[in-house]
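Asks: All chains should be built: construct the whole structure from the sequences, respecting the hints.
Numbering (this note's numbering), first residue to last: 1 to 149.
Note that these hints are calculated values from the structure, not bench results. Just so you know, not all the hints are guaranteed correct.
In silico SDA-like cross-links for lysine to any residue, where the CA-CA straight-line distance does not exceed 20 Å [what the hints assert, rightly or not]:
1. LYS64 / SER31
2. LYS89 / THR127
3. LYS89 / ILE14
4. LYS133 / ILE99
5. LYS5 / THR17
6. LYS50 / LEU39
7. LYS89 / VAL119
8. LYS64 / SER108
9. LYS133 / ASP117
10. LYS80 / LEU126
11. LYS80 / LEU10
12. LYS80 / LYS64
13. LYS2 / GLU83
14. LYS6 / LYS64
15. LYS89 / PHE72
16. LYS89 / HIS7
17. LYS80 / LEU138
18. LYS6 / SER24
19. LYS80 / PHE142
20. LYS50 / THR34
21. LYS2 / SER82
22. LYS6 / GLU83
23. LYS2 / LEU126
24. LYS80 / VAL15
25. LYS64 / PHE9
26. LYS64 / SER35
27. LYS80 / HIS3
28. LYS2 / PHE135
29. LYS5 / ILE90
30. LYS64 / HIS7
31. LYS89 / VAL131
32. LYS5 / GLU102
33. LYS6 / ILE90
34. LYS6 / GLU102
35. LYS50 / PHE72
36. LYS133 / SER82
37. LYS89 / SER31
38. LYS2 / VAL139
If you're wondering where the values come from, they're calculated on a predicted model, not measured in any experiment.
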Amino acid sequence: MKHLKKHAFLSLAIVWTLIIFAFSLQSGDESIITSNILLGFLATIFPILKDPQYLDIVILALRKTAHFTEYFILGYFYTKASEETKQDKILLMGYLIPIIDESIQLFSPGRSGSPIDMVIDMAGYLTGLIVFKSFNRLVRIFKKNWTGQ
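Replies: Given below as structure tokens:
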């Protein structure tokens, strides 16, 4: 069962990595459309987001938050896929994938790779790793104290 869980999370991590790369392959115009779709959805919940006075900063915050969030999720998937693996392999993925991701954008029309986005991506990945490693540790401590083992 544990092996199956590991393979399931590894599959999710690989698929999520490919989704991230697919977003990077979007042209600049397609990327703007994607951001506007997400903004439109969020504006139905928070109408102030469509206020022209704040629109530029909202779009910037939305795009940077999306970077952080997609890598937070990726950090979780790779952490769950490699619980018995040494940390250096997990960390290596957190550095390599953002570098590849931003490099892909160099070849996408209307896009450019951004060192700032790379740092945000890495921060999201590491935060996902730390949050879920900490959560797993707390669960183990709780189980140990609860069951007396």
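Asks: Each hint should be assessed against the structure and marked as holding or not.
Replies: Hint check results:
Annotation: proposed proximity of LYS64 to SER31 holds, straight-line Cα distance about 13 Å (limit 20 Å). Restraint check: the Cα-Cα separation between LYS89 and THR127 comes to about 16 Å, which is no more than 20 Å; the hinted pair holds. Taking the CA atoms of LYS89 and ILE14, the gap is about 15 Å. The hint holds against a cut of 20 Å. Between LYS133 and ILE99, the direct Cα distance comes to roughly 24 Å. Violation of the 20 Å bound is thereby established for this hinted pair.
A distance of roughly 18 Å separates the Cα atoms of LYS5 and THR17; the hinted pair therefore holds under the 20 Å criterion. This hinted pair checks out: LYS50 and LEU39 have alpha carbons roughly 8 Å apart, not beyond 20 Å. This hinted pair checks out: LYS89 and VAL119 have alpha carbons roughly 19 Å apart, not beyond 20 Å. At roughly 19 Å between alpha-carbon atoms, LYS64 and SER108 fall within 20 Å of each other, so this suggested pair holds.
Restraint check for LYS133 and ASP117: the C-alpha separation of about 24 Å exceeds 20 Å, so the hint is violated. Pair hint LYS80 plus LEU126 holds up; C-alpha atoms about 13 Å apart against a cutoff of 20 Å. Between LYS80 and LEU10 the alpha-carbon distance is near 8 Å, which keeps this suggested pair within the 20 Å criterion. For the proposed pair LYS80 and LYS64, the alpha carbon gap of about 25 Å is over 20 Å, so the pair is violated.
With a CA separation close to 10 Å, the supplied pair LYS2 and GLU83 stays within the 20 Å bound. A threshold of 20 Å between alpha carbons decides the hint, and for LYS6 with LYS64 the separation of about 30 Å lies outside it, so the pair is violated. The straight-line distance between the Cα atoms of LYS89 and PHE72 is roughly 17 Å, inside the 20 Å bound, and the hint therefore holds. Of the supplied pair hints, the one linking LYS89 and HIS7 holds, its CA atoms being roughly 16 Å apart against a limit of 20 Å.
Using a Cα cut-off of 20 Å, the hinted pair LYS80 and LEU138 holds, with the two alpha carbons roughly 15 Å apart. About 27 Å separates the Cα atoms of LYS6 and SER24, which puts this hinted pair outside 20 Å; it is violated. Proposed proximity of LYS80 and PHE142 is supported: the alpha carbons are some 19 Å apart, at most 20 Å. Restraint check: the Cα-Cα separation between LYS50 and THR34 comes to about 16 Å, which is no more than 20 Å; the hinted pair holds.
Using a Cα cut-off of 20 Å, the hinted pair LYS2 and SER82 holds, with the two alpha carbons roughly 11 Å apart. Pair hint LYS6 plus GLU83 holds up; C-alpha atoms about 8 Å apart against a cutoff of 20 Å. For the hint pairing LYS2 with LEU126, the CA-to-CA distance comes to about 24 Å; that exceeds 20 Å, so the pair is violated. A C-alpha spacing of about 14 Å is found between LYS80 and VAL15, which places the hinted pair at or below 20 Å, so the restraint holds.
In summary, the hint linking LYS64 to PHE9 is not supported, as the alpha carbons are separated by about 25 Å, beyond the 20 Å threshold. Restraint check: the Cα-Cα separation between LYS64 and SER35 comes to about 11 Å, which is no more than 20 Å; the hinted pair holds. Restraint check for LYS80 and HIS3: the C-alpha separation of about 11 Å stays at or below 20 Å, so the hint holds. Distance restraint check for LYS2 and PHE135: the Cα-Cα separation of roughly 18 Å lies within the 20 Å cut-off, and the hinted pair is therefore satisfied.
Of the supplied pair hints, the one linking LYS5 and ILE90 holds, its CA atoms being roughly 17 Å apart against a limit of 20 Å. Only pairs whose Cα atoms come within 20 Å are accepted, and LYS64 paired with HIS7 is rejected, the gap being roughly 30 Å. Restraint check for LYS89 and VAL131: the C-alpha separation of about 18 Å stays at or below 20 Å, so the hint holds. The suggested pairing of LYS5 with GLU102 is violated, with an alpha-carbon distance near 30 Å, which exceeds 20 Å.
Proposed proximity of LYS6 and ILE90 is supported: the alpha carbons are some 14 Å apart, at most 20 Å. Between LYS6 and GLU102 the alpha-carbon distance is near 28 Å, which puts this suggested pair outside the 20 Å criterion. Taking the CA atoms of LYS50 and PHE72, the gap is near 26 Å; set against the 20 Å cutoff, the hint is violated. Between LYS133 and SER82, the direct Cα distance comes to roughly 11 Å. Compliance with the 20 Å bound is thereby established for this hinted pair.
Proximity of LYS89 to SER31 is assessed by CA-CA distance (about 31 Å); at most 20 Å being required, the pair is judged violated. Proximity of LYS2 to VAL139 is assessed by CA-CA distance (about 17 Å); at most 20 Å being required, the pair is judged to hold.
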